[in-house]
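2 protein chains.
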Amino acid sequence: MRIAIVGLGLIGGSLALKLTEKGYPVWGIGRTSATCQQALERGAVQGCGTELAQLARFDPQVVLICTPLDQVLTTLAGLVPYLSAETVVSDVGSVKQPIVAPATELWPLFVGGHPMAGKTLQGIQAAEAGLFRGRPYVLTPIAKTQPQALAAMKELVAAVDAEAVCTDPARHDQAVAWISHLPVMVSAGLIAAVSQEADPAILHLARTLASSGFRDTSRVGGGIPQLGLEMARHNRQALLTTLRSYQAQLRQIERLIESERWDELLLVLQRTQQEWQQFPVNQPRRVPQDLGSDIHSR
Amino acid sequence: MRIAIVGLGLIGGSLALKLTEKGYPVWGIGRTSATCQQALERGAVQGCGTELAQLARFDPQVVLICTPLDQVLTTLAGLVPYLSAETVVSDVGSVKQPIVAPATELWPLFVGGHPMAGKTLQGIQAAEAGLFRGRPYVLTPIAKTQPQALAAMKELVAAVDAEAVCTDPARHDQAVAWISHLPVMVSAGLIAAVSQEADPAILHLARTLASSGFRDTSRVGGGIPQLGLEMARHNRQALLTTLRSYQAQLRQIERLIESERWDELLLVLQRTQQEWQQFPVNQPRRVPQDLGSDIHSR
Chain A
1 MRIAIVGLGL IGGSLALKLT EKGYPVWGIG RTSATCQQAL ERGAVQGCGT
51 ELAQLARFDP QVVLICTPLD QVLTTLAGLV PYLSAETVVS DVGSVKQPIV
101 APATELWPLF VGGHPMAGKT LQGIQAAEAG LFRGRPYVLT PIAKTQPQAL
151 AAMKELVAAV DAEAVCTDPA RHDQAVAWIS HLPVMVSAGL IAAVSQEADP
201 AILHLARTLA SSGFRDTSRV GGGIPQLGLE MARHNRQALL TTLRSYQAQL
251 RQIERLIESE RWDELLLVLQ RTQQEWQQFP VNQPRRVPQD LGSDIHSR
Chain B
1001 MRIAIVGLGL IGGSLALKLT EKGYPVWGIG RTSATCQQAL ERGAVQGCGT
1051 ELAQLARFDP QVVLICTPLD QVLTTLAGLV PYLSAETVVS DVGSVKQPIV
1101 APATELWPLF VGGHPMAGKT LQGIQAAEAG LFRGRPYVLT PIAKTQPQAL
1151 AAMKELVAAV DAEAVCTDPA RHDQAVAWIS HLPVMVSAGL IAAVSQEADP
1201 AILHLARTLA SSGFRDTSRV GGGIPQLGLE MARHNRQALL TTLRSYQAQL
1251 RQIERLIESE RWDELLLVLQ RTQQEWQQFP VNQPRRVPQD LGSDIHSR
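Protein sequence lines, in the order shown, are assigned to chains A and B.
Counting in the numbering used here, the first sequence runs from 1 upward without gaps.
Counting in the numbering used here, the second sequence runs from 1001 upward without gaps.
Incorrect hints may appear among the rest.
To be verified - Covered by chain B, according to a simulated footprint, are these stretches of chain A (three or more residues, beta-carbon under 8 Å):
id	segment
1	188-199
2	262-276
Unchecked claim - Some, not all, of what chain A presents toward chain B, calculated at C-beta under 10 Å:
id	residue
3	Arg-2
4	Gly-47
5	His-114
6	Ser-180
7	Ser-212
8	Gly-213
9	Gly-221
10	Ile-224
11	Leu-229
12	Arg-233
13	Arg-236
To be verified - Estimated spans, in silico, between C-beta atoms of each pair:
id	chain 1	residue 1	chain 2	residue 2	range
14	A	Pro-280	B	Gln-1283	53 to 59 Å
15	B	Gly-1123	A	Gly-43	49 to 55 Å
16	B	Glu-1260	A	Ala-126	28 to 34 Å
Everything labelled a hint here was simulated from the structure, so no lab data went into it.
Quick caveat: nothing in here was measured; it's all calculated off a predicted structure.
Glycine included, C-beta positions come from ideal geometry on N, C-alpha and C.
Using the sequences provided together with the hints, build the complete structure.
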């Protein structure tokens, strides 16, 4: 299976490294020749260029579009003239509804994809072959998706040691709104609220006393602004749904405190403690793949 | 300086271990004889009992009340008959306004204290001598506080390798509402909101896909319910102030997303990224004391 990767950032670069390691012929298309140079030096790709037209002579069987979300459809449109009829195309965008239907119109062998992996550092320098190990890799087939396209992507997901999770684009977008996009806004709101404290002595004290609890709760709200903006723009409706539901929960907590209904507040906190444990990522004995462990999970 | 510690849980036990290590004579009062046994076995104390009256013959110069917050004043009242006139008394409660004025009425040599240290595990089993190393230890003198009482507590803070931070009870309570009590409610609200998702397929998917971002943002909301309740009960007014301010920030973020004012949302996220970096706990090169490092910070 010859694989082309368009966009050699953290995700594209890591996919290239892993697939090359597994013995697949991999070609890359980078935004700049400097990126291509680095991808070649790191042994991520066996060939690299900056023009989509260069893919024609490599004749890939699978193309992975690893550009930012708002460039996926234009990149696919630009690719179409250089693809042979059996080429499967996928993307790695974190929102699927705005992509999957129009991309499938442009190219019938398109399958939406979203590897649930990342790190704070960006770019090909931060890429690592083990980034996807044991992580969920969402695939979002729709009614028009061709079975052979889905099969090729499942092979690729297994090749990067990830776990394929199939769902429809709408459910994917709502689920990531809950666990990825809402937390960014919740956390950003926390930082914004503390920072507008009017008494400079209290603000200074708050900064001095902040410990691991504040650090963890505020971390994703202190992240890269453009990523938060991209989530909100492209998953606006699902995010608004979660924001409204979240605010209703918080108002309820506020009311319980206001009216000193302590037994009910205790019940809420007992339920959140139990619910928290329902998330595999929060279970104590989970293999810490995303902490850089070398333990294989499969 | 002879030191008595009443309440040998995580904080009391850790103070006892460190002060004994530094060569101070330390006596303990535990809730049960099993706790006393463990404190003696770990070498945290040189003597231990379960009755406050037993302190009379040890004649401590400093008594640290390390009970849960709602037992501090009754414990102090119970102690008074057994104290000599020069004994300094302090507590370790996480809220100071409801404690400091009435405690100073009961005992003029009282000083409010709050060591900013903790961990998920509770009890004397989890105690460690290095728990306070490099961490802030808040002291909250008021107008009536005796200078020799404050001086004794500053010596003790230095002895446990912590950094003394002096402020008044009201500012302390507002600052910890921002960085400790509000994050618990913000985080609990997040778990509560996700958990009431009506589509079981989306809820299952959300749990499956949740990664480090969700784990960190939800961690303190999944903590011990009684601790969250105690914070809300004893710091109710300061917490309500922060909850209202937080909700105003979140409504503003919601409005920007609703009305697609992306430039303004980007500005908000740029500011929160900058503000986040103003917190020493978030700075990358900080010595990670609270991650269990052995590096000395002073």
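Going down the list of hints, with the structure as the test:
For the segment 188-199 of chain A, the stated coverage by chain B holds: 11 residues have a C-beta nearer than 8 Å to a C-beta of that chain, and at least 3 were required. With 11 residues bearing a CB less than 8 Å from a CB of chain B, the segment 262-276 of chain A meets the requirement of three and the coverage assertion stands. Annotation: interface hint on A:Arg-2 violated; nearest CB of chain B at approximately 30 Å, more than 10 Å. Taken as an interface hint, A:Gly-47 does not check out: its beta carbon lies about 33 Å from the nearest beta carbon of chain B, beyond 10 Å.
The closest approach between the C-beta of A:His-114 and any C-beta of chain B is roughly 9 Å, which is under the 10 Å cut-off, so the hint is satisfied. Against a cut-off of 10 Å between C-beta atoms, the interface hint on A:Ser-180 holds, since the closest Cβ of chain B lies about 6 Å away. Checking A:Ser-212 against chain B: minimum C-beta separation of about 5 Å stays under 10 Å; hint holds. Interface restraint check for A:Gly-213: the shortest CB-CB distance to chain B comes to about 5 Å, inside 10 Å, so the restraint holds.
The interface hint given for A:Gly-221 is met, as the beta carbon of that residue sits about 5 Å from the closest beta carbon of chain B, less than 10 Å. Look at A:Ile-224: its Cβ gets to within about 7 Å of chain B, closer than 10 Å, so that hint holds up. Taken as an interface hint, A:Leu-229 checks out: its beta carbon lies about 5 Å from the nearest beta carbon of chain B, inside 10 Å. A cut of 10 Å between beta carbons decides the hint on A:Arg-233: the least distance to chain B is about 6 Å, and the hint holds.
A cut of 10 Å between beta carbons decides the hint on A:Arg-236: the least distance to chain B is about 6 Å, and the hint holds. In this structure the hint that A:Pro-280 and B:Gln-1283 lie 53 to 59 Å apart at CB is violated, the actual value being about 31 Å. Between B:Gly-1123 and A:Gly-43 the Cβ separation comes to about 51 Å, which falls inside the hinted range of 49 to 55 Å. A hinted range of 28 to 34 Å for the beta carbons of B:Glu-1260 and A:Ala-126 is consistent with their spacing of about 31 Å.
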